[in-house]
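Undergrad: Construct the entire structure; sequences and hints are all you get.
Protein chains: 2
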Amino acid sequence: MDFDFCFPIRVRSGQGVVRKNADAIAQLGQRCLIVTGGSGAAKSGALADVCAVLDDLGVIYDVFDRIGQNPLLSVCHEAGTLARKMQADFLFGIGGGSALDGAKAAAIYAANPAFSPRDIYTKQRKPALPLLLIGTTAGTGSEVGRVSVLTDDETGRKKSVSGDDLYPVFTLADPTYTHSMPRFVTISTALDALSHAMEGYCSPKCTDIPALFAEKAVALLWDGLLWLASNDTLPDSAMREQLYYGSLYAGITLAACGTAFPHPLGYVLTENYGILHGMACAAFLPEFLSRAEQFTPQKAARLLTCMQTDAASFNQVLDKLTDLGDIRMTPDEIDAYCDRWTTAVPNNFKASPGGFTKEDAKTMFEKWI
Amino acid sequence: MDFDFCFPIRVRSGQGVVRKNADAIAQLGQRCLIVTGGSGAAKSGALADVCAVLDDLGVIYDVFDRIGQNPLLSVCHEAGTLARKMQADFLFGIGGGSALDGAKAAAIYAANPAFSPRDIYTKQRKPALPLLLIGTTAGTGSEVGRVSVLTDDETGRKKSVSGDDLYPVFTLADPTYTHSMPRFVTISTALDALSHAMEGYCSPKCTDIPALFAEKAVALLWDGLLWLASNDTLPDSAMREQLYYGSLYAGITLAACGTAFPHPLGYVLTENYGILHGMACAAFLPEFLSRAEQFTPQKAARLLTCMQTDAASFNQVLDKLTDLGDIRMTPDEIDAYCDRWTTAVPNNFKASPGGFTKEDAKTMFEKWI
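Residue numbers (our numbering), protein chains in the order written: chain A, 1 to 369; chain B, 370 to 738.
Treat each hint with caution, since some may be false.
[As the list claims (entries may be wrong)] Coverage of chain A stretches by chain B, computed from C-beta distances (three or more under 8 Å per stretch; other residues unrestricted):
hint: 1; stretch: 5-11
hint: 2; stretch: 200-213
[Stated by the list, open to error] Capping the alpha-carbon separation at 35 Å, the derived lysine-lysine pairs in DSBU-like fashion look like this:
hint: 3; chain 1: A; residue 1: LYS43; chain 2: A; residue 2: LYS158
hint: 4; chain 1: A; residue 1: LYS126; chain 2: B; residue 2: LYS389
hint: 5; chain 1: A; residue 1: LYS299; chain 2: A; residue 2: LYS205
hint: 6; chain 1: B; residue 1: LYS736; chain 2: B; residue 2: LYS719
hint: 7; chain 1: A; residue 1: LYS299; chain 2: B; residue 2: LYS668
hint: 8; chain 1: B; residue 1: LYS668; chain 2: A; residue 2: LYS20
hint: 9; chain 1: B; residue 1: LYS389; chain 2: A; residue 2: LYS123
hint: 10; chain 1: A; residue 1: LYS20; chain 2: B; residue 2: LYS495
hint: 11; chain 1: A; residue 1: LYS20; chain 2: B; residue 2: LYS736
hint: 12; chain 1: A; residue 1: LYS20; chain 2: B; residue 2: LYS492
hint: 13; chain 1: A; residue 1: LYS358; chain 2: A; residue 2: LYS123
hint: 14; chain 1: B; residue 1: LYS736; chain 2: B; residue 2: LYS574
hint: 15; chain 1: B; residue 1: LYS454; chain 2: B; residue 2: LYS389
hint: 16; chain 1: A; residue 1: LYS205; chain 2: A; residue 2: LYS358
hint: 17; chain 1: B; residue 1: LYS389; chain 2: A; residue 2: LYS205
hint: 18; chain 1: A; residue 1: LYS205; chain 2: B; residue 2: LYS574
hint: 19; chain 1: A; residue 1: LYS20; chain 2: B; residue 2: LYS528
hint: 20; chain 1: A; residue 1: LYS205; chain 2: B; residue 2: LYS668
hint: 21; chain 1: A; residue 1: LYS367; chain 2: A; residue 2: LYS158
hint: 22; chain 1: B; residue 1: LYS495; chain 2: A; residue 2: LYS126
hint: 23; chain 1: B; residue 1: LYS527; chain 2: B; residue 2: LYS668
hint: 24; chain 1: A; residue 1: LYS43; chain 2: A; residue 2: LYS20
hint: 25; chain 1: A; residue 1: LYS159; chain 2: A; residue 2: LYS367
hint: 26; chain 1: A; residue 1: LYS320; chain 2: A; residue 2: LYS205
hint: 27; chain 1: B; residue 1: LYS574; chain 2: A; residue 2: LYS43
hint: 28; chain 1: B; residue 1: LYS528; chain 2: B; residue 2: LYS719
hint: 29; chain 1: A; residue 1: LYS299; chain 2: A; residue 2: LYS158
hint: 30; chain 1: A; residue 1: LYS158; chain 2: A; residue 2: LYS362
hint: 31; chain 1: A; residue 1: LYS43; chain 2: A; residue 2: LYS320
hint: 32; chain 1: A; residue 1: LYS299; chain 2: B; residue 2: LYS389
hint: 33; chain 1: B; residue 1: LYS719; chain 2: A; residue 2: LYS20
hint: 34; chain 1: B; residue 1: LYS495; chain 2: B; residue 2: LYS719
hint: 35; chain 1: A; residue 1: LYS205; chain 2: B; residue 2: LYS412
hint: 36; chain 1: A; residue 1: LYS350; chain 2: B; residue 2: LYS389
hint: 37; chain 1: A; residue 1: LYS299; chain 2: B; residue 2: LYS574
hint: 38; chain 1: B; residue 1: LYS389; chain 2: A; residue 2: LYS159
By construction, these hints were calculated from the structure, which means they are not laboratory data. Backbone N, C-alpha and C define an ideal beta-carbon position, used for all residues, glycine too.
TA: Okay, structure coming up:
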């Protein structure tokens, strides 16, 4: 199959990888803003490691630790303004998907001081400041990608910004930083990564190279999710590593192929019902698999083979892992949710097996009436 | 397994890809030197396509078509001097491994006018001029790599030069350009690609990502080689595509992991007995597989599984495809060949399963006494 794969895969991985790359970090400049979401970066040990290396190198740095879950444009703008004021040469994003996406947005604002928060979506920009990224969850894939998903302060809606300037110079991948994730975050982030791999794999954009990564990703991730479904404890170090590398490979697929309908539909559950992002997307994976079986049967079969499972067991395990609480929607609410899909997410809908419409979304939400 | 994969995979593939990328080509500048090995670039149709696009764009270009098999330093130096004189902004390499490696060397000489031919091995350099590459054989992998293998005019020995500046801006991969390869070139180049994938896969440097590509490569290539072993005709378009993409994936493994002992030992057969490069390397693959089975049994087993074959059938098919003619060596000649390995190829020997010594090489050559 023909392909167009122009993708800088730049991952340095392994235990102690931050310290081992001190020389490479030094080359990025003398002033750095660290952007984090707060507790994750600190608890994981990544923040302390980064600060120690920057101290050793004599790099002047400051820490912006207020990127929240589903990062707001205004907060990222603040981080970018701080980076600008301190004349940062580069930004160091540390954390889960929100922190990394926030760091990317801050790197754009820092390079474009005239931008208002919303200009990030509309105006031509100067390339973002150089980024180093460290993931502390095993899900987002943001650390190998060119996308940042941000939330509008007023509408509360998620929308992404992307560009080659958002690829990190490299990502420093140390699976030990994921050890501090609580169990529910471990599950939700693994489900997010699984969604990336499955949605990307079944997209018409998925050519041979991202398919290779997706197949490897679902095998690693599903094995980990099965373990999580049958154990109440936390994964050991080897399983953490497996989940983390699975999430990176899924991230490579995501960067090449994008997502399909589970992601934008999941945003509704996150924005309006507070469901964690990974669980919100995974809530639609059974329906996604079913459509894949109908419209791209070979790909669906191959996914199940790679996961060594079948559709019934797949749905059963997802059901056990996904906690949606008690969602209730009114027909009016559903209409309002679906309105955004008249124009907003044509790519995700086109990338779905068999296509996808506003009406399809409506039908899927109606089970919560 | 931890990994360090910082690799710009930049491939645009498919029929008509040169014309489709006219805009991207235009961005590289107004003056271009095309570097080819002569007949291959013309017969394949690639040269005509490139010239037509450059004409349309109004790019001023010249063609240097004298890169021979196993390109000589002096000839690449000439090409570089021509590029310099015409003030080329970029070079367009078209052809098999020799032409592409020659284009890389010319791009170095063009950027470093004070270099004598041999300085390419010893002196610090300014980055090579930007390169676009088009492969017309399905073997070399040079079009996705950072290495150029060159031959010293006086000693006749092959030696490589490498660097990130030798990655192409992108490679334009159109499998139809491989259709004009005669059968013996098709076989030899496929064997070369198979060697890249197998040698790279079994190297201690091979981490998860290059392994993914190697597994895919050997599956595609072995299937093609089996077909070639059981048919006397030329492959059809689909099989050509399979061999070509197999060679690209093998090239990605090669770029990440390098080669082991079959490559330097094969150089002796090429330099002194005129054996085609791919066949010369493949002559040592049965011994390579045997050592892999002994020292990295899991990897050897996985390779055979991916190829859906066993060692005995593997050796039988290779024997059928590899034509070494009537090689005869004297003990003195063997000593002379082995002398170069006291210092010259430590990386290749270290990368071999179980390690490899000058004495091992000697033993392998002694079958030709």
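Undergrad: For each hint, tell me whether it holds in the structure or not.
TA: Structure-based check of all given hints:
1. By the rule of at least three residues with a Cβ nearer than 8 Å to a Cβ of chain B, the coverage given for the stretch 5-11 of chain A holds, with 7 such residues.
2. Residues of the stretch 200-213 of chain A lying with their CB closer than 8 Å to a CB of chain B number 4, which satisfies the three-residue condition for coverage.
3. Distance hint between LYS43 (chain A) and LYS158 (chain A) is fulfilled; the C-alpha atoms sit about 27 Å from each other, no more than 35 Å.
4. Distance hint between LYS126 (chain A) and LYS389 (chain B) is fulfilled; the C-alpha atoms sit about 27 Å from each other, no more than 35 Å.
5. At roughly 13 Å between alpha-carbon atoms, LYS299 (chain A) and LYS205 (chain A) fall within 35 Å of each other, so this suggested pair holds.
6. Between LYS736 (chain B) and LYS719 (chain B) the alpha-carbon distance is near 23 Å, which keeps this suggested pair within the 35 Å criterion.
7. The hinted pair formed by LYS299 (chain A) and LYS668 (chain B) meets the criterion: a straight-line CA distance of about 27 Å does not exceed 35 Å.
8. Using a Cα cut-off of 35 Å, the hinted pair LYS668 (chain B) and LYS20 (chain A) holds, with the two alpha carbons roughly 28 Å apart.
9. A hinted pair counts as satisfied when its Cα atoms are at most 35 Å apart, and LYS389 (chain B) with LYS123 (chain A) qualifies at roughly 28 Å.
10. Straight-line distance between C-alpha atoms of LYS20 (chain A) and LYS495 (chain B) comes to about 27 Å, which keeps the hinted pair within the 35 Å bound.
11. For the proposed pair LYS20 (chain A) and LYS736 (chain B), the alpha carbon gap of about 46 Å is over 35 Å, so the pair is violated.
12. Our distance criterion of 35 Å between C-alpha atoms is met by LYS20 (chain A) and LYS492 (chain B), whose separation comes to about 28 Å.
13. Simply put, LYS358 (chain A) and LYS123 (chain A) have alpha-carbon atoms about 28 Å apart, close enough for the 35 Å limit, and the pair holds.
14. In summary, the hint linking LYS736 (chain B) to LYS574 (chain B) is supported, as the alpha carbons are separated by about 30 Å, within the 35 Å threshold.
15. Among the hinted pairs, LYS454 (chain B) with LYS389 (chain B) is consistent with the structure: their alpha-carbon atoms are about 30 Å apart, no more than 35 Å.
16. With a C-alpha separation of about 21 Å, the suggested pair LYS205 (chain A) and LYS358 (chain A) falls inside the 35 Å cut-off, and the hint holds.
17. Our distance criterion of 35 Å between C-alpha atoms is met by LYS389 (chain B) and LYS205 (chain A), whose separation comes to about 17 Å.
18. Our distance criterion of 35 Å between C-alpha atoms is met by LYS205 (chain A) and LYS574 (chain B), whose separation comes to about 31 Å.
19. A distance of roughly 31 Å separates the Cα atoms of LYS20 (chain A) and LYS528 (chain B); the hinted pair therefore holds under the 35 Å criterion.
20. Among the hinted pairs, LYS205 (chain A) with LYS668 (chain B) is consistent with the structure: their alpha-carbon atoms are about 32 Å apart, no more than 35 Å.
21. Between the alpha carbons of LYS367 (chain A) and LYS158 (chain A) the distance comes to roughly 23 Å, so the proposed pair stays at or under 35 Å and holds.
22. Of the pairs offered as hints, the one joining LYS495 (chain B) and LYS126 (chain A) holds, with about 27 Å between alpha carbons and a cut-off of 35 Å not exceeded.
23. At most 35 Å may separate the alpha-carbon atoms for a hinted pair to count; LYS527 (chain B) and LYS668 (chain B) meet this at roughly 29 Å.
24. Between the alpha carbons of LYS43 (chain A) and LYS20 (chain A) the distance comes to roughly 21 Å, so the proposed pair stays at or under 35 Å and holds.
25. Annotation: proposed proximity of LYS159 (chain A) to LYS367 (chain A) holds, straight-line Cα distance about 25 Å (limit 35 Å).
26. Straight-line distance between C-alpha atoms of LYS320 (chain A) and LYS205 (chain A) comes to about 31 Å, which keeps the hinted pair within the 35 Å bound.
27. Between LYS574 (chain B) and LYS43 (chain A), the direct Cα distance comes to roughly 32 Å. Compliance with the 35 Å bound is thereby established for this hinted pair.
28. Between LYS528 (chain B) and LYS719 (chain B), the direct Cα distance comes to roughly 17 Å. Compliance with the 35 Å bound is thereby established for this hinted pair.
29. Under the criterion of a C-alpha separation no larger than 35 Å, the hint pairing LYS299 (chain A) with LYS158 (chain A) is consistent with the structure, at around 29 Å.
30. The hinted pair formed by LYS158 (chain A) and LYS362 (chain A) meets the criterion: a straight-line CA distance of about 19 Å does not exceed 35 Å.
31. Taking the CA atoms of LYS43 (chain A) and LYS320 (chain A), the gap is about 28 Å. The hint holds against a cut of 35 Å.
32. Distance restraint check for LYS299 (chain A) and LYS389 (chain B): the Cα-Cα separation of roughly 28 Å lies within the 35 Å cut-off, and the hinted pair is therefore satisfied.
33. Our distance criterion of 35 Å between C-alpha atoms is met by LYS719 (chain B) and LYS20 (chain A), whose separation comes to about 23 Å.
34. For a cut-off of 35 Å, the pair hint linking LYS495 (chain B) to LYS719 (chain B) stands: about 30 Å separates their Cα positions.
35. A distance of roughly 32 Å separates the Cα atoms of LYS205 (chain A) and LYS412 (chain B); the hinted pair therefore holds under the 35 Å criterion.
36. Proposed proximity of LYS350 (chain A) and LYS389 (chain B) is supported: the alpha carbons are some 23 Å apart, at most 35 Å.
37. Proposed proximity of LYS299 (chain A) and LYS574 (chain B) is supported: the alpha carbons are some 32 Å apart, at most 35 Å.
38. A hinted pair counts as satisfied when its Cα atoms are at most 35 Å apart, and LYS389 (chain B) with LYS159 (chain A) qualifies at roughly 31 Å.
Of the hints listed earlier, the one the structure fails to meet is number 11.
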